[in-house]
Amino acid sequence: MKLDRSRTLIELSQLLNCEFVGEVNLFASGINEIHLVEPGDIVFVDHPKYFDTTLNSAATVIIINKMVECPAGKGLLIHDEPFTAFNELINHFRPFEFSQHRIDPTSVIHPKAKVHPTASIGPKAVIGSNAIIHANVSIGHHCSVGENTIIHANTTIGSDAFYYKTRPEKFEKLISCGRVIIEKDIEIGANCTIDRGVTGDTVIGEGTKFDNLVHIGHDTKIGRQCLFAAQVGVAGCVTVEDKVTMWGQVGCIANVTIGSGAVILAKSGIGKSLKGGKTYFGSPAGEARKKLKELATLSQLSK
Amino acid sequence: MKLDRSRTLIELSQLLNCEFVGEVNLFASGINEIHLVEPGDIVFVDHPKYFDTTLNSAATVIIINKMVECPAGKGLLIHDEPFTAFNELINHFRPFEFSQHRIDPTSVIHPKAKVHPTASIGPKAVIGSNAIIHANVSIGHHCSVGENTIIHANTTIGSDAFYYKTRPEKFEKLISCGRVIIEKDIEIGANCTIDRGVTGDTVIGEGTKFDNLVHIGHDTKIGRQCLFAAQVGVAGCVTVEDKVTMWGQVGCIANVTIGSGAVILAKSGIGKSLKGGKTYFGSPAGEARKKLKELATLSQLSK
Amino acid sequence: MKLDRSRTLIELSQLLNCEFVGEVNLFASGINEIHLVEPGDIVFVDHPKYFDTTLNSAATVIIINKMVECPAGKGLLIHDEPFTAFNELINHFRPFEFSQHRIDPTSVIHPKAKVHPTASIGPKAVIGSNAIIHANVSIGHHCSVGENTIIHANTTIGSDAFYYKTRPEKFEKLISCGRVIIEKDIEIGANCTIDRGVTGDTVIGEGTKFDNLVHIGHDTKIGRQCLFAAQVGVAGCVTVEDKVTMWGQVGCIANVTIGSGAVILAKSGIGKSLKGGKTYFGSPAGEARKKLKELATLSQLSK
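Residue numbers (this note's numbering), protein chains in the order written: chain Y, 194 to 496; chain E, 194 to 496; chain G, 194 to 496.
Derived from the structure by calculation, the hints contain no laboratory data. Keep in mind that the hints are not guaranteed to be accurate.
Where chains are identical, the list cannot tell them apart; a pair therefore holds if satisfied intra-copy or between any two copies.
[Claimed, not checked] Below, a list of computed lysine-lysine pairs in the DSSO-like style, where the Cα atoms sit at most 30 Å apart:
#1 Lys414 x Lys366
#2 Lys496 x Lys358
#3 Lys483 x Lys414
#4 Lys358 x Lys471
#5 Lys377 x Lys195
#6 Lys465 x Lys486
#7 Lys307 x Lys366
#8 Lys317 x Lys305
#9 Lys305 x Lys377
#10 Lys471 x Lys486
#11 Lys358 x Lys317
#12 Lys358 x Lys414
Note that this is a predicted model, so its numbers are computed, not measured.
Based on the provided sequences and hints, a complete structural model is requested.
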């Protein structure tokens, strides 16, 4: 997420009421998770295991729970609870906007878009030309729907990421300030759910088609011209390249990449990254030929 | 789909701006896919593999991309892109009606039906006596719900078929002009999705009960007194006969038949037609006894 | 379900127009299924196999289809169709209330709760302080949502139990008069469905988090600080103890108990009760280590 305007390290330390290390006038212009950071970004780290990666990342400002040596050109914000501090910054820069309107007045709907009288469009959401938004669809704040796109009834675009920090006595929610970007020429079936990115974007690529009851997790990128049949579920932070087909009820674990042109047969469970151009089956999914041979072997042995 | 009135072959050729072969005054009265055609119907074919089947089908008018010999009593419309031409005819005879009303004024709701103030009823939809339509349900255009039927909240009836032609650079959508017919004494759970037929009807038989989050694909026929537990998904063009039970999270591939009285155990994946009166398990599903024996064999071998 | 006020055995026999055995002035104060009965409750039994259990249960009044000896301190209502009679009592004491209002005037919404202008709140439902109810959520009659709870768009709370008696020619619905109780500090994802109890309550425990498209059946009790990923489905009458994790697309059969701290890996199908503190996998689910070894054995044998 980009900030509305840049903030200095000292401003940030005052906001969080914490110490800082680094140049007072260092500027931060965005806020992101570690796997998305760009120069100018604020990031957080709270486990020594990830200190080095984070300190050496592109991030400009690092919220950290230990006084460590500050890398050149960066700033540190020393805070007991970096996760909580990160949430504080999100709340400050993109405070949760609960719309009191079915169609929020800050949304932008193209005059050639069709929006059913029961659909909801949140704050700062954008609906493109010739998009068709069916009954009871909910488009969350800051999400966008491209031109020539159809979204069927009762679908939810922009629900929060399923992302918590496990504390001894509760789960602490990481506030989602990212977006869902639905490119153009897309069709999303009925009763689907697409979560927003935590700080970045969940993206559905041009020309992709989803059947009903499909779930897409936060920060996942779906390529162009993919086909997902009904009840497919893809977890967060997944990269699905172009022209991937997933048949009915396929599931996919978080943080993996599915190569271009891969075909995943129905009911498979993807547990690791898969190379493109091949057909997969099973749970955990492997090459279909091998998995089907295994089933034949078992059938033979059982006789 | 039946046309509002019959059209001559010459009228159709003018509509599509294409050549024709056959009697000028031949009448077409309907439009259908090949597996549904009846005498009087218009159908399309664009692959030589299916030319014979289509030319010998009950269809009266065939949109085809090659000049072939015209069977007696039939007419041909010669068009480079039969799929696109078929869509043009659907758009002409049943133009997409996007309602601007929550309850479309052309819908017919029985005075003894109960419709929640947040439910949507599309153009020409019909709701029968004593039907109960819960919050945020969407009943699409031309769909019908029989008497004594309950539809729980957030369910979508009449979303479009998931049906595309793969072009080199995009998926071309086959426009759905069919309906969903929900007969009487039926209960449909919350957040279910039932797609309309492409040109024919998706049918849910009398006395059948669905739990929540069930998906039914286009043109599928579900028999009488079936029980589908939560999260079952049945693809398009499936025939499920009477008194079939599918337990939770069962999936079923397209174009198969499930015989009367079959029981499919939870999480099974149906990959072929199944005979009635038996119990099935596994993915791909087989007779439960055999599949459970295979699992026991594997457990034994692994020790 | 508790009755609004106690009824005597004779009042009940008059209501049902049936014979009774026992003291005329015996009082009934509630109505429940056999697994939930407490002293004061009315229960029904219609199969000789369950006569003894029911007659010896805590129930005070038993609707039964055979004249049997009446246990001391209890009353019997002799009725040909106890199931139908039970439904009659539910209809009498808690008649189905179909709200004509988006926000029913008998609901109680805390002034600090945020309810989206498209969400529905049914009769006598209660929404706690700082609860956030997103677009198109449906909260059914008599259900309650605790403080600091978030319910994402298009979720259905309080759909009816999927519970029928199989008659030769139809399924007879058992009318659901129970509730859904969502305790505090809970997050429920988008397009989830939580069924109400038949006569008791479906309960979601404090601090528990659900991702999208999760289904919970009637009378199921989910403990505290559980995490359910997307598309998990748990059937009716299940007890899930505290701190249980179910990953994506896990399914769970009815009437089992999942022990505290159990972790169920993605796509598993739970077919029996599972002890706490362990990790499970497969369908049917077993200890993950054993199941993964079986898969390795099969892969080896197939080479």
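Results of checking the hints against the structure:
no. : hint            : result
1   : Lys414 x Lys366 : both (22 Å within a copy, 23 Å between copies)
2   : Lys496 x Lys358 : neither (49 Å within a copy, 39 Å between copies)
3   : Lys483 x Lys414 : within (28 Å within a copy, 34 Å between copies)
4   : Lys358 x Lys471 : between (36 Å within a copy, 21 Å between copies)
5   : Lys377 x Lys195 : within (23 Å within a copy, 33 Å between copies)
6   : Lys465 x Lys486 : both (21 Å within a copy, 18 Å between copies)
7   : Lys307 x Lys366 : between (35 Å within a copy, 18 Å between copies)
8   : Lys317 x Lys305 : both (18 Å within a copy, 24 Å between copies)
9   : Lys305 x Lys377 : within (14 Å within a copy, 39 Å between copies)
10  : Lys471 x Lys486 : both (16 Å within a copy, 26 Å between copies)
11  : Lys358 x Lys317 : within (28 Å within a copy, 35 Å between copies)
12  : Lys358 x Lys414 : both (23 Å within a copy, 24 Å between copies)
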